[in-house]
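**Q** Okay, here's what each chain looks like letter by letter:
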Amino acid sequence: MLNVLYFARLRDALGRDAERIELPAGVADVGGLLDWLRQRGDVWAAELAPGRSVRAAVNQDMARPDTPLRDGDEVAFFPPVTGG
Amino acid sequence: MNAPTAPRPLAQGATTIRVQTEDFDVGAEIAALRAGNAKIGAVATFIGVCRDLNDGSDVSEMELEHYPGMTEKALGGIAAEARDRWDLFDILVIHRVGRILPTEQIVLVVVTSAHRGESFHACEFLMDYLKTRAPFWKKERTPEGARWVDARASDDAAADRWR
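Chains as they are written, first to last, in our numbering: chain W, 1 to 84; chain Y, 85 to 247.
Okay, chain Y solo, but in the shape it has when bound (with noise of 0.2 Å):
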């Protein structure tokens, strides 16, 4: 026998901010956002990933430091621009911390939106942002010593292209 439906509420989106110190598993975060939601059409995704070479040494590890409190209330501020500017579901955007190998995942940000330019574009900025606005900050270690990493011009220059 079958219950009456009740019609399914329509899925408006969420946005997610998580600083953890513990790996993500991508395809189960993206399920879950999707889950549900039959009006979402796109869905971008970028990873960040920690390499084992930078500014010509070889990096052995990084630590990942955070102002907590500060850095969930940068990420949500930057999202909730992102909502302004473009018309999105979800947003959902995970930054570890703590200590990370080469290869490791370092970020996850995911939009999920109806067309794909909503996404695409959304994921850039956020990242963008990230870069620029959330108090993060990477120490690595490499044969020459630790050695906290320097911002780069470059970053500024990609999150001035938003304004």
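Next up, chain W with everything else stripped away, as it sits in the complex (with noise of 0.2 Å):
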């Protein structure tokens, strides 16, 4: 299972804050991921939109779309950030 959350406008727009998911099938890394979570469609599919500045962590590193994913890793997304 991989502990998945959202911050932030993205968890506002996606109405949650965390999810268990069961790496899909075929799912190997970050980018696999978002691809998998906008097959979901409607707001799924427009808040993590290519060119919407979606950023993620894996185990609370700053990961990349090559980032490979394993059974039990926390995976978060949110938007650029704006502390300080």
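These are calculated hints, taken from the structure and not from any lab test.
The reader is advised that the hints may include incorrect statements.
Output of the computed footprint for chain Y on chain W, the stretches with three or more beta carbons under 8 Å from beta carbons of chain Y [what the hints assert, rightly or not]:
#, segment
1, 2-14
2, 59-66
3, 74-83
The structure displayed is predicted, hence computed values, not measured ones.
Glycine is no exception: its CB is placed at the ideal position from the N, C-alpha and C atoms.
Two independent chains are provided; combine them into the complex using the hints.
**A** Set out below in structure tokens:
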């Protein structure tokens, strides 16, 4: 299972802050998981569309589309950060 | 009668990262860092403050969200990178989360070193990287409603200067 987290604007738009997802067959990395989530359609396709500046972290380190995923990982999606 | 005084251990300085809802006392924080370290010759401080105006709208309050665990980890990584670049004693980063009102303090960065150059540079570096790499998000309340603050390209440009 993956523990998938959503923050800030993305959490508001997607209507959830976390979910458990069985690592889907054929999904090997962050980019693959994004593609898989987009296939839910509707708001998922819109909010996670390429060009929407979605950032990702795996196990609390910043990740890239080619960052590999393994069972048990914590994966987070969020907009560009605005602290300070 | 005077007890023999043991040689005071050389203060090496420490990195302290705090994410908290409470406000902070800048004077008390600096005094605590400086206490007992006669090697410190420079203290650089940055305080980020909540304004009542952003992108042309009045801001009545702001809500700051973070990613517990990753935020502290990211700030610790940024501090470690600053130590690789400059010769520093202490790094203190305090960032508030939750509800913050205009004029209230949001973030404090304090750096101590032997000479001013290291502290000045490290303090600015820490803020530039915090703004672009530490997972915090601001939501503002304005007369038009609540809105998430957009990231600024100028913050990315500021961070890129250190590459």
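**Q** Run the structure past the numbered hints and jot down the numbers of the failing ones, going up.
**A** none
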